[in-house]
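So you can see what is in the structure, the chains are spelled out below.
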Amino acid sequence: QQKVQQSPESLIVPEGAMTSLNCTFSDSASQYFAWYRQHSGKAPKALMSIFSNGEKEEGRFTIHLNKASLHFSLHIRDSQPSDSALYLCAVSLSSGSWQLIFGSGTQLTVMP
Amino acid sequence: EAGVTQSPRYAVLQEGQAVSFWCDPISGHDTLYWYQQPRDQGPQLLVYFRDEAVIDNSQLPSDRFSAVRPKGTNSTLKIQSAKQGDTATYLCASSSDWGIQDTQYFGPGTRLLVL
Chain A
35 QQKVQQSPES LIVPEGAMTS LNCTFSDSAS QYFAWYRQHS GKAPKALMSI
85 FSNGEKEEGR FTIHLNKASL HFSLHIRDSQ PSDSALYLCA VSLSSGSWQL
135 IFGSGTQLTV MP
Chain B
2 EAGVTQSPRY AVLQEGQAVS FWCDPISGHD TLYWYQQPRD QGPQLLVYFR
52 DEAVIDNSQL PSDRFSAVRP KGTNSTLKIQ SAKQGDTATY LCASSSDWGI
102 QDTQYFGPGT RLLVL
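Chains as they are written, first to last, in our numbering: chain A, 35 to 146; chain B, 2 to 116.
Keep in mind that a hint or two might mislead.
[Unchecked claim] When the alpha-carbon atoms are kept at most 27 Å apart in a straight line, the in silico DSSO-like pairs for lysine-lysine are as follows:
no.: 1; chain 1: A; residue 1: 90; chain 2: A; residue 2: 101
no.: 2; chain 1: A; residue 1: 79; chain 2: A; residue 2: 90
no.: 3; chain 1: A; residue 1: 37; chain 2: A; residue 2: 76
no.: 4; chain 1: A; residue 1: 90; chain 2: B; residue 2: 84
no.: 5; chain 1: B; residue 1: 79; chain 2: A; residue 2: 79
no.: 6; chain 1: A; residue 1: 79; chain 2: A; residue 2: 37
no.: 7; chain 1: A; residue 1: 90; chain 2: A; residue 2: 37
no.: 8; chain 1: B; residue 1: 84; chain 2: A; residue 2: 76
no.: 9; chain 1: A; residue 1: 101; chain 2: A; residue 2: 76
Keep in mind that the hints were calculated from the coordinates and are not lab data. Treat the numbers as computed from the prediction; the structure is a model and nothing was measured.
With the hints as extra help, turn the sequences into a complete structure.
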């Protein structure tokens, strides 16, 4: 069964720093990889997603996927206090079903 | 465009009581998901529907949990005889375009506390 793990569990960075969040998965045939952000007491909201190996940049956010190493990451440039939230990575099963398996999250705090 | 709505927002029960959660997905979204999110963990899929049909309910504790989506729009998740271990936030999400991987849009959730 697909296992999705995130690291670190929590992270504190100063405002303006580059933040890197990591996600590993166990099924090499996985096809879809996404990051969601959840502010305290709010609904998870999709940030970015990627299907194929490589990088994708949207504003201050970059997602990087390496299927061979079963790893993808989210990088936040110029981190802001408003970026403080729980970051969840998610991977789709490879069976053709469109279920998402979520990691347990990284709690990010950006200090002003 | 209205987002996914859920009610109630909070529920507090004694063990053994029943509770129902209601979800109204984004209009036109044919796929609806129910997740359980324990405190400090990621969402865990319980069941999902395409229109009114259950696609996968293998993670639903079937002896006490049930979910329906009778007209392919709104959905209800019910817990019979709640246990303390059911304490969590219950999230509903919806997506469109069955057959491709599409973004899931989440509702605000229902926070359940079982005493």
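Okay, the hints, checked on the actual structure:
For the proposed pair residue 90 of chain A and residue 101 of chain A, the alpha carbon gap of about 14 Å is at most 27 Å, so the pair holds. Taking the CA atoms of residue 79 of chain A and residue 90 of chain A, the gap is near 18 Å; set against the 27 Å cutoff, the hint holds. Note on residue 37 of chain A and residue 76 of chain A: the hinted pairing holds, with a Cα-Cα distance of about 25 Å set against a maximum of 27 Å. Distance restraint check for residue 90 of chain A and residue 84 of chain B: the Cα-Cα separation of roughly 43 Å exceeds the 27 Å cut-off, and the hinted pair is therefore not satisfied.
Between residue 79 of chain B and residue 79 of chain A, the direct Cα distance comes to roughly 25 Å. Compliance with the 27 Å bound is thereby established for this hinted pair. Using a Cα cut-off of 27 Å, the hinted pair residue 79 of chain A and residue 37 of chain A holds, with the two alpha carbons roughly 21 Å apart. Proximity of residue 90 of chain A to residue 37 of chain A is assessed by CA-CA distance (about 24 Å); at most 27 Å being required, the pair is judged to hold. The suggested pairing of residue 84 of chain B with residue 76 of chain A holds, with an alpha-carbon distance near 24 Å, which does not exceed 27 Å.
Note on residue 101 of chain A and residue 76 of chain A: the hinted pairing is violated, with a Cα-Cα distance of about 31 Å set against a maximum of 27 Å.
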